[in-house]
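Chemist: Sequence:
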Amino acid sequence: MSAEDLEDDLPLEPIALTPSVKLREPLELLVMVKSEGMRLDQYVQLHLGADFSRSEVQRAIESGTITVNTKPILKPAYKVRKNDRLHVEMPAPVHDIPVPEDIPLHIIYEDEWLAVINKPHDMVVHPAKGNWSGTLVNALQWHFREHLSTDNGHLRAGIVHRLDKDTSGVILIAKDDLTHRNLSMQFETRKIFKEYIALAAGELDRDSDYIEGALKMHAHDRLRMMVSTDPDAKHALTYYEVLERFRGFALVKVQPRTGRTHQIRVHLQHVGCPVLADKLYGGRDHLNLSELVPGLPEGEDSVLIGRQALHAFRLRFRHPRTEQWIEAEAPLPADIRRVLEALRTHRPTR
Numbered sequence: 001m002s003a004e005d006l007e008d009d010l011p012l013e014p015i016a017l018t019p020s021v022k023l024r025e026p027l028e029l030l031v032m033v034k035s036e037g038m039r040l041d042q043y044v045q046l047h048l049g050a051d052f053s054r055s056e057v058q059r060a061i062e063s064g065t066i067t068v069n070t071k072p073i074l075k076p077a078y079k080v081r082k083n084d085r086l087h088v089e090m091p092a093p094v095h096d097i098p099v100p101e102d103i104p105l106h107i108i109y110e111d112e113w114l115a116v117i118n119k120p121h122d123m124v125v126h127p128a129k130g131n132w133s134g135t136l137v138n139a140l141q142w143h144f145r146e147h148l149s150t151d152n153g154h155l156r157a158g159i160v161h162r163l164d165k166d167t168s169g170v171i172l173i174a175k176d177d178l179t180h181r182n183l184s185m186q187f188e189t190r191k192i193f194k195e196y197i198a199l200a201a202g203e204l205d206r207d208s209d210y211i212e213g214a215l216k217m218h219a220h221d222r223l224r225m226m227v228s229t230d231p232d233a234k235h236a237l238t239y240y241e242v243l244e245r246f247r248g249f250a251l252v253k254v255q256p257r258t259g260r261t262h263q264i265r266v267h268l269q270h271v272g273c274p275v276l277a278d279k280l281y282g283g284r285d286h287l288n289l290s291e292l293v294p295g296l297p298e299g300e301d302s303v304l305i306g307r308q309a310l311h312a313f314r315l316r317f318r319h320p321r322t323e324q325w326i327e328a329e330a331p332l333p334a335d336i337r338r339v340l341e342a343l344r345t346h347r348p349t350r
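Last residue of the sequence shown: number 350 in the working numbering, and the count goes up by one each step with no gaps.
Just so you know, the hints here were simulated from the structure itself, not pulled from any lab data. There's no promise every hint is true.
[As the list claims (entries may be wrong)] Estimated spans, in silico, between C-beta atoms of each pair:
| hint | residue 1 | residue 2 | range |
| --- | --- | --- | --- |
| 1 | R350 | R321 | 51 to 57 Å |
| 2 | S302 | G37 | 47 to 53 Å |
| 3 | R321 | D122 | 29 to 35 Å |
| 4 | H218 | P348 | 34 to 40 Å |
| 5 | T65 | R344 | 55 to 61 Å |
| 6 | R206 | P348 | 17 to 23 Å |
| 7 | V99 | G248 | 50 to 56 Å |
| 8 | R247 | S302 | 19 to 25 Å |
| 9 | D207 | T229 | 23 to 29 Å |
| 10 | D285 | D209 | 25 to 31 Å |
| 11 | E112 | G202 | 41 to 47 Å |
[As the list claims (entries may be wrong)] EDC-like cross-link-like pairs, simulated, lysine to aspartate or glutamate; straight-line CA separation at most 20 Å:
| hint | residue 1 | residue 2 |
| --- | --- | --- |
| 12 | K191 | D177 |
| 13 | K71 | D84 |
| 14 | K82 | E101 |
| 15 | K34 | D221 |
| 16 | K234 | D221 |
| 17 | K75 | E36 |
| 18 | K79 | E112 |
| 19 | K253 | E323 |
| 20 | K75 | E101 |
| 21 | K71 | E101 |
| 22 | K253 | E212 |
| 23 | K253 | E327 |
| 24 | K165 | E36 |
| 25 | K253 | E195 |
| 26 | K216 | D232 |
| 27 | K191 | E323 |
| 28 | K253 | E341 |
| 29 | K165 | E212 |
| 30 | K82 | E28 |
| 31 | K216 | E188 |
| 32 | K75 | E146 |
| 33 | K165 | E241 |
| 34 | K75 | E62 |
| 35 | K216 | D230 |
From the three backbone atoms N, C-alpha and C, an ideal C-beta is built for every residue, glycine too.
Given these sequences and hints, build the entire structure.
Modeler: In structure tokens form, the structure reads like this:
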């Protein structure tokens, strides 16, 4: 899983792209008793997540850019102790500006200042470790060339907010820095209206309601988020409306009022109805027709969907330059429509 899978749709923090600038701010860590005895390279790599490999962390330790109690250790196998204070600096990866790639884009709206794209599923938004090509930014570089904001650097040219790799639907693109900053502020102040469509594996008790639960990183898995009462957890609020019910499933319209990482996916899982085919929060990454039709001959089986059934359906915002309200919609993709047709045929409510 890539770093992209941990991203939310809040505005991105800008990063500079000069050789002397670090990829991230230096990381300060205090070892707790539950981590005592862990190898230094393992402990640091766990906290850095998918951005760096274990070998990259080992090289940083051996070069002295990772210190323990202000002193370089130089030994990746050092066993950390309770109350050890670590200072972690990792060098920025060396990589060129994204190469323009002739990847087809479904442009929903465009003018001289911005564009709204219908992002397909299985597309990473911007280049990162393990995904230097085939991203939305590579496609944007081809279609818009120099007409993209660089407020977040060239690796994120034009990108104002993000969607998970396997979430399809509307994403907003800025063509200049002034437009970018205005849109980022609208996201930050929650003035942009977002609406998603999800297929949930389960039956929600109410036709409409809200889910309120603060989110933080999972205690044992840094790739996941969790609902928590911890004071450090960030407030998160999600409204939903059931559009159609089936036996064991539901088609849901979801309106997140905050923009936390994996918010919709975690909140639906929290109420016992995870997004269908969401491996991270539901345990399965696909749905077969045979799961809806018991006794289906093997030769007639097929995969209905092979990714999380979550789609960014509608985006409404005030245009930064014209001050007119823009509302853009992305039609449901084929795989979600395919599941809906199967549910209506084989799992209608009685």
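Chemist: Each hint should be assessed against the structure and marked as holding or not.
Modeler: Going down the list of hints, with the structure as the test:
One distance hint, 51 to 57 Å for the beta-carbon pair R350 and R321, holds here, with the actual separation near 53 Å. At about 49 Å, the CB distance of S302 to G37 agrees with the hint of 47 to 53 Å. Between R321 and D122 the beta carbons are some 33 Å apart, a value that agrees with the proposed interval 29 to 35 Å. Distance hint for H218 and P348: a CB-CB separation of about 36 Å, consistent with the stated range 34 to 40 Å.
The beta-carbon spacing between T65 and R344, approximately 58 Å, falls within the hinted interval of 55 to 61 Å. A hinted range of 17 to 23 Å holds for the C-beta pair R206 and P348, which are about 20 Å apart. Between V99 and G248 the beta carbons are some 45 Å apart, a value that contradicts the proposed interval 50 to 56 Å. Distance hint check for R247 and S302: the Cβ-Cβ separation is about 20 Å, which falls inside the suggested range of 19 to 25 Å.
As the Cβ distance of D207 to T229 is approximately 28 Å, the hint placing it in 23 to 29 Å holds. Separation of D285 from D209 is about 27 Å and conforms to the stated range, judged on CB atoms against 25 to 31 Å. Checked against the hint of 41 to 47 Å, the pair E112 and G202 passes, with Cβ atoms roughly 45 Å apart. Taken as a hint, the K191 and D177 pair is honoured in the structure, with Cα atoms around 19 Å apart against an allowance of 20 Å.
Of the pairs offered as hints, the one joining K71 and D84 holds, with about 11 Å between alpha carbons and a cut-off of 20 Å not exceeded. For the given pair, K82 sits about 49 Å from E101 by alpha-carbon distance, which is inconsistent with the 20 Å threshold. Taking the CA atoms of K34 and D221, the gap is near 14 Å; set against the 20 Å cutoff, the hint holds. Between K234 and D221, the direct Cα distance comes to roughly 18 Å. Compliance with the 20 Å bound is thereby established for this hinted pair.
Among the hinted pairs, K75 with E36 is consistent with the structure: their alpha-carbon atoms are about 16 Å apart, no more than 20 Å. A hinted pair counts as satisfied when its Cα atoms are at most 20 Å apart, and K79 with E112 does not qualify at roughly 56 Å. For the suggested pair K253 and E323, the alpha carbons sit about 27 Å apart, so the restraint of at most 20 Å is broken. Restraint check: the Cα-Cα separation between K75 and E101 comes to about 42 Å, which exceeds 20 Å; the hinted pair is violated.
With a C-alpha separation of about 46 Å, the suggested pair K71 and E101 falls outside the 20 Å cut-off, and the hint is violated. For the hint pairing K253 with E212, the CA-to-CA distance comes to about 16 Å; that is within 20 Å, so the pair holds. Note on K253 and E327: the hinted pairing holds, with a Cα-Cα distance of about 16 Å set against a maximum of 20 Å. For the suggested pair K165 and E36, the alpha carbons sit about 35 Å apart, so the restraint of at most 20 Å is broken.
A threshold of 20 Å between alpha carbons decides the hint, and for K253 with E195 the separation of about 7 Å falls inside it, so the pair holds. Annotation: proposed proximity of K216 to D232 holds, straight-line Cα distance about 7 Å (limit 20 Å). Taking the CA atoms of K191 and E323, the gap is about 13 Å. The hint holds against a cut of 20 Å. With a CA separation close to 17 Å, the supplied pair K253 and E341 stays within the 20 Å bound.
Of the pairs offered as hints, the one joining K165 and E212 is violated, with about 25 Å between alpha carbons and a cut-off of 20 Å exceeded. A hinted pair counts as satisfied when its Cα atoms are at most 20 Å apart, and K82 with E28 qualifies at roughly 15 Å. Note on K216 and E188: the hinted pairing holds, with a Cα-Cα distance of about 19 Å set against a maximum of 20 Å. Of the supplied pair hints, the one linking K75 and E146 is violated, its CA atoms being roughly 46 Å apart against a limit of 20 Å.
Pair hint K165 plus E241 does not hold up; C-alpha atoms about 24 Å apart against a cutoff of 20 Å. Simply put, K75 and E62 have alpha-carbon atoms about 6 Å apart, close enough for the 20 Å limit, and the pair holds. As the CA atoms of K216 and D230 are separated by approximately 8 Å, the hinted pair is consistent with the 20 Å bound.
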